[in-house]
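Student: Once you have looked at the hints, place chains B and C on chain A.
Residue numbers (the numbering used here), protein chains in the order written: chain A, 1 to 117; chain B, 1 to 415; chain C, 1 to 479.
Treat the hints with care, as some may be off.
Claimed, not checked - Restricting the straight-line Cα-Cα distance to at most 30 Å, the calculated cross-link-like pairs of lysine-lysine (DSSO-like) are:
{"id": "1", "chain 1": "C", "residue 1": "LYS235", "chain 2": "B", "residue 2": "LYS95"}
{"id": "2", "chain 1": "A", "residue 1": "LYS83", "chain 2": "C", "residue 2": "LYS473"}
{"id": "3", "chain 1": "A", "residue 1": "LYS72", "chain 2": "A", "residue 2": "LYS83"}
{"id": "4", "chain 1": "C", "residue 1": "LYS459", "chain 2": "B", "residue 2": "LYS157"}
{"id": "5", "chain 1": "A", "residue 1": "LYS83", "chain 2": "B", "residue 2": "LYS158"}
{"id": "6", "chain 1": "B", "residue 1": "LYS386", "chain 2": "A", "residue 2": "LYS35"}
{"id": "7", "chain 1": "C", "residue 1": "LYS26", "chain 2": "C", "residue 2": "LYS68"}
{"id": "8", "chain 1": "B", "residue 1": "LYS158", "chain 2": "A", "residue 2": "LYS72"}
Unchecked claim - Just a sample of chain C residues kept apart from chain B, beta carbon distances all over 10 Å, derived:
{"id": "9", "residue": "PRO115"}
{"id": "10", "residue": "ALA127"}
{"id": "11", "residue": "ILE213"}
{"id": "12", "residue": "GLY260"}
{"id": "13", "residue": "THR272"}
{"id": "14", "residue": "ARG417"}
No lab work stands behind these hints: they were computed from the structure.
Here the structure is a predicted model, which is why all the values come from computation and not from measurement.
Yeah, the Cβ is synthetic: ideal placement off N, Cα and C, and Gly gets one too.
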Amino acid sequence: MELTCIVCPMGCRITVEKVDGRLHVSGNTCKRGEKYALQESVCPMRTLTTLVRVRGGEGPLCPVKTREAIPKAMLEEALGVVKGVCVDAPVKIGDVVVKNIAGTGVDLVATANRERR
Amino acid sequence: MEYRYDIVIIGGGPAGLAAALSARETAPEAKILMLERDKKLGGILQQCIHNGFGLHYFGQELTGPEYAQRFIDQLEAAKIEVWTDTMVLDFSSEKVVDCVCAARGYVQVQAGAIVLAMGCRERTRGALSIPGTRPAGIYTAGCAQRLNNIEGYLPGKKVVILGSGDIGLIMARRMTWEGAQVKLVAEIMPYSSGLNRNIVQCLVDNDIPLKFNHTVTAVHGQERVTGVTVSEVDPATRRPIAGTEEFYECDTLLLSVGLIPENELTRGAGVEMDRITNGAVVDQFRQTSMEGVFACGNVLHVHDLVDNVSNESAIAGAAAARYAMGQKAAGQVYAVKAENGVRYALPQRIVAGDAGKLDVYFRVDAAYRNPSVQVLCGDKVLYSRKKQIMTPGEMEKMTLDQGLITGDITVRLDK
Amino acid sequence: MREYDVAVIGAGVTGSAIARQLSRWKMKVALIDGAEDVAMGASRANSAIVHAGYDCPPGSLEAELNVKGNALYTRWCAELDVPLQRTGTLVAAFDEEEAENVRALYERGLKNGVPEMKILSGEEARALEPMLAENCVCALLAGTGGITCPYEMTIACAENARKNGVDWLLGRKVSAIRGTEAGFVVTAGYEDIIARRVVNAAGLFSDDVARMIGDDSFTVRPRKGEYLLMDRSAKAPKYVIFQTPSRLGKGILVSPTVDGNSFVGPTAVDQTDKTDTSVSQEGIDQLRRMAKKSAPEMDFRNVITSFAGLRAQPSTGDFIIRPSEADGRMIHAAGICSPGLTSAPAVAELVEKLLMESGLTLTEDPAYDPHRSHIRRFRDMTREQKEAAIAENPLYARVICRCETITEAEIVEAVSRGARTLDGVKRRTRAGMGRCQGGFCSPRVMEIISRETGIPMEKLTKFGAGSYLVAEKTRSGEV
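Extracted from the complex, chain A is given alone in its bound form:
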């Protein structure tokens, strides 16, 4: 597979191929690029940042994120869960909004404070 490295502004075009049953990375110019490319080819990981509805808060929404990156393939399912979530103010940064979102083992946490209105 071909991908653009995001580790630094160079943006190397990296190729990952299976050679003799092992993954072979080429086109990178540094070690960090190789590590990134290997992860991307095995299981790309992304942090989901989005919003949930707040009841009784200063605004209608509170931003949230997955505490850690989750598999890219799970983003869609996680987003589906988020749309139906509504939390009660007050909310503090780091509060768990959804435990183990979409079975990823990662919690969805608040990324802003929301006082009670």
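Tutor: Showing chains B and C alone in chain A's frame:
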């Protein structure tokens, strides 16, 4: 005058927050006031709910609101007075700040030093003069971001984005995640001013095409946008090439075509401005041509990373505090010039005297492979370094030994 | 069915001025428009010039009403709190052929009864207007020429009319008019109303309205005019600078606005579509090129927006202000192209006279108040006035539009005066008209309109039906 403060900071976004904290550290007893026009501190960070902030400053990846909250929490502990819902109308060279605020009415504040931290605004369609109709559904990316992330409304369902600046890329992903279909990102330049990481994680991840050397040449629709015409441009002239027009059906056009420092107050006060950065001309302390008036963050020049804004604002805040406490920098003033591939360098002036290290920030005027950055002072080469790639979208930093600066210096590329 | 003495169809500057003029009589008047606000056609996008009147063919109705209207502007603007600056207008010539044209315009002006005209040498003209190109050979100065704000004039007339009892029937497209013994049955949107007289001030659509009663005595063709508007920070001329008509075309003008901006325009493109107000790249290029001729210092890096308006060009070559030949109870005020804005007060007086002649008996309304004031602009207040305004209404301390320093109090007032759309608020307050073009304040203005009117955000529009601003709520969970 009823209100007197040693340091008045105009703007409670990332620049103002960092400047205030740094001023407090420098002058533990100073009376510091922050003026913010919104109801909350944090500025634009509050609507930047994506992550990627703070890697340099905190060594940790944070979302915008988290990054802001770290500063806001410290601010409360640092006993800095904050007036929210307060709009500054103007300030004078005597450092009298006129402002209006719901809680206090029309107020004049006498400042010992002023830090300008008003941020920037987005370029609009009008500035580009895009032909066509003027229907609803044309938004700057930041405006769409506010509608979506603060108000909770999806601006539209079929989207074309003009400009591949970071806010545009981020909004491409955001709107896709909210159920909209982003059909295209068109970029008039042969490269993106956005980060690679955003191109990959916002566009590639979501199969959104990015076309370089393309721009929107017409907007269609009487009431609401019904589509846009996208044309390829000649890379040399940036003019559309006839016959390359393609119609994209959409209900929304987002613009991510650049930011402009918000310097109406600065100009109104008569501070010397830089035509390239659209910000004030400053020395290494971020002091403007008006004594005791400092500037930092996007009001000074547009940054790509908030971490850099925080660093720069800490310099301005500390210098403002020293000034307010009576320590004024004085000495021979040397000019910093930019030429041969360097679009601008900042600070534009250096006050001689200090021996330590001096960081100079600059941007190049086009994409270069394997250029060499040089700093010359007369015949002397103060700095020379080879780079693999340089693009206008990436702000560069270099550290000079200030003791070596004995005259005007020139920052240039050896291409 | 509601009954009116007069139904004025068209809430542009012509219709609104007529409605205001009629509101001094004891009678029921309706001001009807298909758009959801007043000033939505030619009155929202034109050159904003109060013409002196040297341009119109002598003996024409245009010439007569232009000169009369120009004189009436002083009183109308004073009563209605509408900005009027008699800057003086210059028609500049850059070669001998153009100088000949300037002298011809001067002669024509004398025939039309235009006062305060003078032919200046190139040096004299440049001494008055330093932005004028150096090769100017001579110029016609008309002291009574000046600038106003066309949508403000329209809004002011309509507001004053409403204050004096006129009903606004907006968002009601007239689809049929049927003559009866008592007058007409006018189908305005979802409602039929009865009107003893109809005034046809429907601008571009006035020929369509005439045809509804079988009158096909004229047609109206749209002529597009494109404009480029500059930021206030750009260098602006002091005078309105016209070019002379020449072999290369009619020429464009470079002008200051009453708000401190400047603009160049208009182009003149004949078209058939009465709704197409798109701006073309050719038009933009043409404006940039042509403006350089009279004012080479215009800096187009300061363009904040481009827009286009459609002038209603009558097939007769002159304003059509007369009773319809098909039914004398319909009075046409049609084909009002340039100088329609200047002529509006005089058109209103003429239409009033024609209505009297048509058999309406008019009795003066002692309660008539000719005065209307603009929403108080925070920005223009002195410090003391600002303090007092905030003390009285704290919403004056909340600046919503940063570029133009427009406060929440002004926006709330605009909504209370009938603004229901983003553009309606913009035209009444200038919120969103500055250099960021609403990028910052639009979501905030939307919130205020929604809060004040109860219209949900999803139903708010930019300027009426179809111009919705947001598609949907992103999170449905009930609060």
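Student: Verify that the Cβ of ILE213 (chain C) lies farther than 10 Å from every Cβ atom of chain B, and report whether the claim holds or is violated.
Tutor: Fine: 28 Å to the nearest Cβ keeps ILE213 (chain C) off the interface.
Student: Between LYS459 (chain C) and LYS157 (chain B), is the straight-line Cα distance small enough, at 30 Å or below?
Tutor: Given that 30 Å is the threshold and the Cα spacing comes to 16 Å, the pair holds.
Student: Quick one, are LYS158 (chain B) and LYS72 (chain A) close enough, alpha carbons at most 30 Å?
Tutor: holds, 23 Å
Student: Should the label of ALA127 (chain C) as a non-interface residue stand, given a Cβ cut-off of 10 Å to chain B?
Tutor: holds, 28 Å
Student: Is the claim that PRO115 (chain C) lies outside the interface with chain B correct, judged by CB distances over 10 Å?
Tutor: Given that every Cβ of chain B is farther than 10 Å from that of PRO115 (chain C), nearest at about 38 Å, it holds.
Student: Run the C-beta distances from GLY260 (chain C) to all of chain B and say if the shortest one exceeds 10 Å.
Tutor: Fine: 13 Å to the nearest Cβ keeps GLY260 (chain C) off the interface.
Student: Could you check that no beta carbon of chain B comes within 10 Å of the beta carbon of THR272 (chain C)?
Tutor: holds, 15 Å
Student: Are LYS235 (chain C) and LYS95 (chain B) close enough, with their CA atoms no more than 30 Å apart?
Tutor: Holds, because 28 Å separates the two Cα atoms, which is no more than 30 Å.
Student: Would the pair LYS72 (chain A) and LYS83 (chain A) pass a check requiring their Cα atoms to be no farther apart than 30 Å?
Tutor: holds, 18 Å
Student: Given the hint that LYS83 (chain A) pairs with LYS158 (chain B), test it: the Cα-Cα distance must not exceed 30 Å.
Tutor: holds, 20 Å
Student: Examine each Cβ of chain B, and state whether all of them lie more than 10 Å from the Cβ of ARG417 (chain C).
Tutor: holds, 22 Å
Student: Could you grab the alpha-carbon distance between LYS83 (chain A) and LYS473 (chain C) and see if it respects the 30 Å cut-off?
Tutor: holds, 11 Å
Every hint, counting from the list given before, is met by this structure.
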